[in-house]
Amino acid sequence: MKSSETQASAMAPVDNRAQRAERSPPSRGGDRVTAGIRAAINHVDLNRFRFWFQLVAFVLFVYGGYLAIDLGSRLPFFSCGYNQEGRAGVCYLLPLQHQLSRPWPMLFTAASLSILSGLGIFFLWFIVLNKGWCGFVCPLGTLQDWLTALRRRLGIRYANYTRGQFAQLTKVKYILLALTILIPLGIGGGLWSHDMSPPFCLICPARMILPAFTGDFSQFTIDFSSKTSIVMTTLGMMVTALFIAGGFIKKRFFCFLCPMSALHYLFSKLALFRLKKDGDKCTRCGDCYRVCDLEIKEIADEVNKPNIMTDDCTLCLKCVAACPEDGALKATFAGIPIFESTEAGFIRRMR
Amino acid sequence: MPRLGLCAALLMAVLSIDGYCQEAPARKPDGNEGGRPSDAQIAKWRARRPADEVAAKPTPGAATADAPNADSIRGGGRPGGRVMTAKHGSNVLWLSDSPPSRGNGKSRWGGMGGMGGMAMGGGARRGPPVKRLWLRAGIDPQKSGFARDDAKAETEILLVTPQGKPEGEPLSAAEHHKLSFEMPVQGYYRLYLTKRKLKDDTLAVSVAKAEVAYFSHGGDEEERNEAATAPRALDSAPIEIVREKKPDEKMFFRLTSGDEQVFIVLRKGVPVANARVRFVSHAGWVKEAVSDDQGRVSFQIVRDYFPAWNEFEKRFKAAYLVIAETDAVESGRFNDQPYRSVRYQATLSGSYYPSPSDYRSYAWGLGIGFAFLIFCGTAIYLYRRRRVKPFAEVRFDEKQ
Chain W
380 MKSSETQASA MAPVDNRAQR AERSPPSRGG DRVTAGIRAA INHVDLNRFR
430 FWFQLVAFVL FVYGGYLAID LGSRLPFFSC GYNQEGRAGV CYLLPLQHQL
480 SRPWPMLFTA ASLSILSGLG IFFLWFIVLN KGWCGFVCPL GTLQDWLTAL
530 RRRLGIRYAN YTRGQFAQLT KVKYILLALT ILIPLGIGGG LWSHDMSPPF
580 CLICPARMIL PAFTGDFSQF TIDFSSKTSI VMTTLGMMVT ALFIAGGFIK
630 KRFFCFLCPM SALHYLFSKL ALFRLKKDGD KCTRCGDCYR VCDLEIKEIA
680 DEVNKPNIMT DDCTLCLKCV AACPEDGALK ATFAGIPIFE STEAGFIRRM
730 R
Chain U
165 MPRLGLCAAL LMAVLSIDGY CQEAPARKPD GNEGGRPSDA QIAKWRARRP
215 ADEVAAKPTP GAATADAPNA DSIRGGGRPG GRVMTAKHGS NVLWLSDSPP
265 SRGNGKSRWG GMGGMGGMAM GGGARRGPPV KRLWLRAGID PQKSGFARDD
315 AKAETEILLV TPQGKPEGEP LSAAEHHKLS FEMPVQGYYR LYLTKRKLKD
365 DTLAVSVAKA EVAYFSHGGD EEERNEAATA PRALDSAPIE IVREKKPDEK
415 MFFRLTSGDE QVFIVLRKGV PVANARVRFV SHAGWVKEAV SDDQGRVSFQ
465 IVRDYFPAWN EFEKRFKAAY LVIAETDAVE SGRFNDQPYR SVRYQATLSG
515 SYYPSPSDYR SYAWGLGIGF AFLIFCGTAI YLYRRRRVKP FAEVRFDEKQ
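As you go down the protein sequences, you meet chains W and U in turn. Residue numbers for the first sequence follow my numbering, so the first one is 380 and each next one is one higher. Residue numbers for the second sequence follow my numbering, so the first one is 165 and each next one is one higher.
Each hint should be verified, as a subset may be incorrect.
Said to hold, decoys possible - Here are the simulated DSBU-like pairs of lysine-lysine, each with C-alpha atoms no more than 30 Å apart in a straight line:
no.	chain 1	residue 1	chain 2	residue 2
1	W	LYS676	W	LYS660
2	U	LYS342	U	LYS361
3	U	LYS329	U	LYS414
4	U	LYS316	U	LYS363
5	U	LYS553	W	LYS676
6	W	LYS606	U	LYS478
Hints in this document: simulated from the structure, not taken from any laboratory.
Just need the whole structure built from these sequences, with the hints factored in.
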């Protein structure tokens, strides 16, 4: 009885503040409209918004090709190039690996300017959403969220890494990125067979899974034309199995190992879309850490650095939605706050 | 005794090849009658053909006596045609993107690998890529030699480029059997080498055509779109063969064995019905058919690549050759000499690759995938089960 009274007295001021925030009228008409829009955004049901946004993005990038949509081949997420018919663009890792596997003498000619121009176009795409491409657009990321939803419905509990495992596994994506660049260079120099090209795509689960959504199951095969092909396609099938199994016990299992995520992080400080934290307003309640799919502890612990985004972050903004402190976490675009944590928004989302 | 058995088996195999060829129904392009020429038609063509070629053509019985090459033996017993000798059809001129010595199908890196027609094969390091073609004589895509210059024949070479005149421009070449041209923009480049020669009262007109597709991944998209819709036939060509593009054909298209491919025979842009069309595969298998009313004829690309497992190359570039012939009763004068009939011959060559179904296995892929999935699932289940601590009730006696 005593404890329930304490709970009630703790909740009362929160409710009052929420009501005040909703009722307090802005002084002028323009401000009122701006404040209304801002409140509407901050109070949004982020999970529902993300679900619909991801669904639309998935349909666009897996089936957009049927509507003659082509956004080029420098996209900063897994719009798989092996999805021949349905893709609305191609993941940048595919052309990058092809370009890097050119013969070495060709790499030092004007022809290789296309590598730089490709990187430039990738960068232009990337700076718009930063790692938000992973959290909101990437079809493989969306599939993992759907697997998580299925797991939840089936009542299978999820797993967490220990801090030691986290520290070790977070390096994997950088190793994969280095191999994604170095192996094509070795192929161009004649060190390895062309059957290994493009090395990351051959083991990427998107190669198998995304074309299957358009009825193309041709990638679920083992290529027996050479020993290298056998090894690479077998690895591909094993990684696909691991992706499905991992997706059932771990949120965003593959994002933790994704070389595209590592490539993003190299440029993320230059991007327009950012995640910021005001450490003075943070109470270190840990809500943000608990909702984080990637188990990023710094989001709760770090109170000194305003730019809180880490290399594993997918900018899903679930941490912002889960934060009950006004303005402690915010997503900004070119410095303008577009979605920030508010107490009222938090309470509304908790209802 | 074993040698006798081997000889008998070989003889049976060769006989069965030839027997199949005689009985195998040619594919009917649209389901209508007339896919395969009748015996009367064949006899008519033979009668019209120059005497030397008729003499060179082996009769069905004679064909069995020709020793097939090693590739043909490996493919023995498979349906699709017969093995041709180099002698047969040695006056057939065609354009190839490889000289006889290199026509072994080995995959070559540095150029663009594979279109249904021909692919560009590299070029100068600076400046636009250069395509080199060779004029060859004979109907064996591998062994046909260079064509000899014929002083009596009149030769005309025309290059149709994507950005040039639709009717093409003359290409000067010092040696007709070795031709090259630059490809500054993306698109289809077509080379027509026309030879006219009078023999008795018949004018022989042969058009060797090559269609080279040049596209690059990073190239101008507008150029690509223009190329996709640009006409691929020449209205002024005396005769030509056009490879019909498939409805879903992309720029970087590869013809593979097992595919169905339609060719259209045109004379001055008009379809030619009842033309005799032969398809010659890389190993020398020949299939004959007759064009329908729309000038169309369809062939299934025969699988004729059977290397040892450890020598298999999925990028094995095999060459095919298509030959179309038709006669016309036309009179006129050529070099002040009269003629009463014209014999037209058109050739087109291209390349094809092994079918992915030759070297890809769904059973193994899905088997490995499922096995690993079950392994991972079981491992996770056992790991979690091992970590579950059994419930142990601890009771405290408050009285103590």
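Handout entry: Hinted pair U:LYS316 and U:LYS363, Cα distance within 30 Å
Key = 10 Å, holds
Problem - 30 Å Cα cutoff - pair U:LYS553, W:LYS676 - result: Given pair U:LYS553, W:LYS676 holds - Cα atoms ~27 Å apart, limit 30 Å.
Problem - Given pair status - U:LYS361, U:LYS342, alpha carbons within 30 Å - result: 21 Å, holds
Exercise for the section: Assess, step by step, whether the Cα of U:LYS329 is no farther than 30 Å from the Cα of U:LYS414, and give holds or violated. Expected result: 25 Å, holds
Practice task
For the pair we were handed, W:LYS676 and W:LYS660, check the Cα-Cα distance against 30 Å.
Solution key: Answer holds: W:LYS676 to W:LYS660 is near 17 Å, not above 30 Å.
Practice task
Please work out if W:LYS606 and U:LYS478 have their alpha carbons no farther apart than 30 Å.
Solution key: 12 Å, holds
The structure fails none of the hints (numbered hints given earlier).
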